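Number of protein chains: 2
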Amino acid sequence: MSEKHSALVERMIGGDRTALAKLITIVEGSRRDASGILKMLGPASPGSYALGITGPPGGGKSTLLNRLTSALRGKDKKVGIIAVDPTSPFTGGAVLGDRIRMLGHSGDSSVFIRSLGSRGTHGGLSRATGDIMKLYGAFGMDYAVIETVGVGQTELDIIELADTVCVVLVPEAGDGIQAMKAGLMEIGDIFVVNKADRQGAQRLSVELRHSLSLVKSPGSWEPPVLLTTADRGEGTEELLEAIEKHADFQTNSGELKVKRNRRLEKEFLHILMDTVTDEIESSFEEPELSEILIRVKSGELNPYEGADVAIKKMFRKP
Amino acid sequence: MSEKHSALVERMIGGDRTALAKLITIVEGSRRDASGILKMLGPASPGSYALGITGPPGGGKSTLLNRLTSALRGKDKKVGIIAVDPTSPFTGGAVLGDRIRMLGHSGDSSVFIRSLGSRGTHGGLSRATGDIMKLYGAFGMDYAVIETVGVGQTELDIIELADTVCVVLVPEAGDGIQAMKAGLMEIGDIFVVNKADRQGAQRLSVELRHSLSLVKSPGSWEPPVLLTTADRGEGTEELLEAIEKHADFQTNSGELKVKRNRRLEKEFLHILMDTVTDEIESSFEEPELSEILIRVKSGELNPYEGADVAIKKMFRKP
Numbered sequence: 001m002s003e004k005h006s007a008l009v010e011r012m013i014g015g016d017r018t019a020l021a022k023l024i025t026i027v028e029g030s031r032r033d034a035s036g037i038l039k040m041l042g043p044a045s046p047g048s049y050a051l052g053i054t055g056p057p058g059g060g061k062s063t064l065l066n067r068l069t070s071a072l073r074g075k076d077k078k079v080g081i082i083a084v085d086p087t088s089p090f091t092g093g094a095v096l097g098d099r100i101r102m103l104g105h106s107g108d109s110s111v112f113i114r115s116l117g118s119r120g121t122h123g124g125l126s127r128a129t130g131d132i133m134k135l136y137g138a139f140g141m142d143y144a145v146i147e148t149v150g151v152g153q154t155e156l157d158i159i160e161l162a163d164t165v166c167v168v169l170v171p172e173a174g175d176g177i178q179a180m181k182a183g184l185m186e187i188g189d190i191f192v193v194n195k196a197d198r199q200g201a202q203r204l205s206v207e208l209r210h211s212l213s214l215v216k217s218p219g220s221w222e223p224p225v226l227l228t229t230a231d232r233g234e235g236t237e238e239l240l241e242a243i244e245k246h247a248d249f250q251t252n253s254g255e256l257k258v259k260r261n262r263r264l265e266k267e268f269l270h271i272l273m274d275t276v277t278d279e280i281e282s283s284f285e286e287p288e289l290s291e292i293l294i295r296v297k298s299g300e301l302n303p304y305e306g307a308d309v310a311i312k313k314m315f316r317k318p
Numbered sequence: 001m002s003e004k005h006s007a008l009v010e011r012m013i014g015g016d017r018t019a020l021a022k023l024i025t026i027v028e029g030s031r032r033d034a035s036g037i038l039k040m041l042g043p044a045s046p047g048s049y050a051l052g053i054t055g056p057p058g059g060g061k062s063t064l065l066n067r068l069t070s071a072l073r074g075k076d077k078k079v080g081i082i083a084v085d086p087t088s089p090f091t092g093g094a095v096l097g098d099r100i101r102m103l104g105h106s107g108d109s110s111v112f113i114r115s116l117g118s119r120g121t122h123g124g125l126s127r128a129t130g131d132i133m134k135l136y137g138a139f140g141m142d143y144a145v146i147e148t149v150g151v152g153q154t155e156l157d158i159i160e161l162a163d164t165v166c167v168v169l170v171p172e173a174g175d176g177i178q179a180m181k182a183g184l185m186e187i188g189d190i191f192v193v194n195k196a197d198r199q200g201a202q203r204l205s206v207e208l209r210h211s212l213s214l215v216k217s218p219g220s221w222e223p224p225v226l227l228t229t230a231d232r233g234e235g236t237e238e239l240l241e242a243i244e245k246h247a248d249f250q251t252n253s254g255e256l257k258v259k260r261n262r263r264l265e266k267e268f269l270h271i272l273m274d275t276v277t278d279e280i281e282s283s284f285e286e287p288e289l290s291e292i293l294i295r296v297k298s299g300e301l302n303p304y305e306g307a308d309v310a311i312k313k314m315f316r317k318p
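Quick mapping for you: the protein sequence lines, in order, are chains A and B.
Residue numbers 1 to 318, in the numbering used here, belong to the letters of the first sequence in order.
Residue numbers 1 to 318, in the numbering used here, belong to the letters of the second sequence in order.
I should point out that these hints are in silico values taken from the structure, not numbers from a laboratory.
For clarity, every value in this text was computed on a predicted model and none was experimentally measured.
Careful: at least some of the hints might be erroneous.
[Claimed, not checked] Which stretches of chain B does chain A cover? Using the computed rule of at least three CB atoms under 8 Å from a CB of chain A, they are:
| id | segment |
| --- | --- |
| 1 | 27 to 39 |
| 2 | 136 to 146 |
| 3 | 214 to 227 |
| 4 | 244 to 252 |
[Claimed, not checked] Taking CB as the label site, the calculated pair distances span:
| id | chain 1 | residue 1 | chain 2 | residue 2 | range |
| --- | --- | --- | --- | --- | --- |
| 5 | A | 11 | B | 291 | 33 to 39 Å |
| 6 | A | 291 | B | 218 | 33 to 39 Å |
| 7 | A | 281 | B | 211 | 29 to 35 Å |
| 8 | A | 287 | B | 218 | 45 to 51 Å |
| 9 | B | 3 | A | 218 | 49 to 55 Å |
| 10 | A | 202 | B | 25 | 43 to 49 Å |
| 11 | B | 286 | A | 186 | 29 to 35 Å |
| 12 | A | 4 | B | 315 | 26 to 32 Å |
| 13 | B | 218 | A | 29 | 33 to 39 Å |
| 14 | A | 279 | B | 40 | 31 to 37 Å |
| 15 | B | 22 | A | 298 | 28 to 34 Å |
| 16 | A | 249 | B | 17 | 55 to 61 Å |
| 17 | A | 210 | B | 315 | 50 to 56 Å |
| 18 | A | 294 | B | 251 | 20 to 26 Å |
All residues carry an ideal CB built from backbone N, CA and C; glycine is no exception.
Generate coordinates for the entire structure from the input sequences, incorporating the hints supplied.
If you want it as structure tokens, here you go:
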């Protein structure tokens with residue numbers, strides 16, 4: 001198996017898109033395989049700059065991303081996109097349409113798009129997204145762009161993988177207030193009021209600037225609020241400039257290194273917890289632990305007492 | 001602390017609602033305290049019959065539950081309600097209003113209502129819901145009713161705590177198809193088409209009966225499809241009859257015992273995982289493990305290799 005993987009890695013690093021696609025599928029589907037493949041990539045790769053695009057549904061994120069991709073291609077940057085939809089069972093349907101709109105870039109060998117849903121992703125969407133970012137880095141992508149559909153906790157976990165987070169809002173339905181409730185004000189490095197040709201765009205941008213000014217701390221990055229009309233391509237160049245400015249700011253201040261270190265720590269803890277879960281599940285095949293389960297079922301131990309006994313048996317104590 | 005808890009438990013078992021409210025808050029906020037309190041309840045309590053009410057938002061679940069509570073009170077049954085809203089940050093607001101509608105029962109000492117959100121719940125909503133159910137049982141509630149707002153995975157995990165699950169749909173917006181997508185067809189023991197005075201109610205109930213007939217297996221419970229108009233109180237008695245019929249069916253077939261055993265097993269595994277998470281977090285304060293983190297950050301180990309090393313250090317191996 002791992003011989004086949006190393007051949008794929010070699011081809012991928014050589015620029016083979018089919019190998020990249022296959023590796024993404026392998027990495028997405030198996031944490032164990034991902035481990036082996038990441039080891040092959042080595043620590044050398046400088047990695048892509050990770051850009052996150054998030055915001056409530058219906059904000060035109062995909063259209064904006066499409067425009068942004070064109071602007072990046074204009075500067076000869078290679079772009080790998082990961083579109084994540086944790087598909088609450090009551091959404092769905094929109095994503096495929098959104099992806100198809102990206103077809104403007106489908107003939108371009110320097111743009112790669114992958115959609116990720118919760119199904120078939122072993123060990124969480126955030127784990128898979130992080131690993132695909134590493135593949136994009138090794139492939140030579142200058143930018144790894146993460147687009148999340150929706151705004152729940154899973155999406156926030158994923159968007160934390162980004163070096164720069166763009167929050168996209170629209171002048172409608174109290175998006176500003178919603179953004180604050182959802183904790184988007186805290187995570188955004190750049191705020192975009194898209195569909196700026198609609199009524200209320202100016203007002204929303206003033207509101208946003210006001211809320212941002214309240215949390216401003218001296219010496220830190222001041223998130224700009226930009227107006228775009230992605231449908232007509234207006235404001236894309238300014239957005240790209242803001243992204244580059246934020247990247248420079250973080251590099252110079254040393255913040256980027258701190259952020260990426262923190263990301264690595266979180267990644268490690270997530271993977272550790274996933275592995276521990278597997279470990280525990282297999283432990284229950286051993287008689288010593290399945291006996292605890294029987295005592296819990298009989299009511300002899302309450303579930304908490306059972307957990308304490310199990311942990312004493314499983315864990316080494318110093 | 002535990003002396004104070006045992007005094008509360010004593011008062012609660014004696015019928016003191018204030019003590020019940022306090023214990024719920026303690027159990028919700030701390031897994032550790034919950035463990036001690038559950039032990040005090042003892043294994044003796046027969047427990048309440050657990051009824052789950054779920055379905056897409058806007059189906060009138062709260063109104064229906066209100067009517068059902070009146071019907072149960074008419075039979076002199078005591079009812080404890082847990083209304084769970086895992087609050088996606090972009091919902092919210094509706095729940096308080098829904099709760100206020102329950103005020104018809106606010107003067108009734110045999111009805112107790114508690115709303116649960118993700119904030120302030122230590123160790124997951126499902127864990128807290130299960131523990132509050134046990135408190136209701138010890139208080140002498142005949143029914144513990146779990147109402148979930150929304151239909152994501154968290155809600156499905158919670159509703160699995162119920163002995164009987166009612167799925168509430170409305171004749172609108174393709175609720176039938178949505179229910180199938182969300183896995184509600186598999187978990188429902190009773191289906192309710194609420195707002196049955198609206199157009200399409202008959203058609204939805206025919207659709208539901210048809211889908212249910214496709215998965216019917218001989219000897220097993222056949223989920224009925226009921227029509228209700230909760231606003232006007234129509235169909236509530238029939239719903240209560242169906243619930244009682246399902247309870248009898250499960251008791252006689254032995255299914256109830258199997259179901260509750262399975263529930264206990266899941267509960268135990270959840271609590272075990274939560275406790276392990278705490279254990280791991282505190283392990284990283286020890287030099288042996290924090291050193292692994294440093295090696296991961298330096299790139300010497302990838303996160304997967306780091307996890308493997310950490311697990312070898314933490315776990316006893318047979």
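Taking the hints in turn, this is what the structure says about them:
no., hint, verdict
1, 27 to 39, "holds (count 5)"
2, 136 to 146, "violated (count 0)"
3, 214 to 227, "violated (count 0)"
4, 244 to 252, "violated (count 0)"
5, A/11 with B/291: 33 to 39 Å, "holds (36 Å)"
6, A/291 with B/218: 33 to 39 Å, "holds (36 Å)"
7, A/281 with B/211: 29 to 35 Å, "holds (33 Å)"
8, A/287 with B/218: 45 to 51 Å, "violated (36 Å)"
9, B/3 with A/218: 49 to 55 Å, "holds (50 Å)"
10, A/202 with B/25: 43 to 49 Å, "holds (45 Å)"
11, B/286 with A/186: 29 to 35 Å, "holds (31 Å)"
12, A/4 with B/315: 26 to 32 Å, "holds (31 Å)"
13, B/218 with A/29: 33 to 39 Å, "holds (37 Å)"
14, A/279 with B/40: 31 to 37 Å, "holds (32 Å)"
15, B/22 with A/298: 28 to 34 Å, "holds (30 Å)"
16, A/249 with B/17: 55 to 61 Å, "holds (57 Å)"
17, A/210 with B/315: 50 to 56 Å, "holds (52 Å)"
18, A/294 with B/251: 20 to 26 Å, "holds (23 Å)"
In summary, the numbered hints that this structure violates are 2, 3, 4 and 8.
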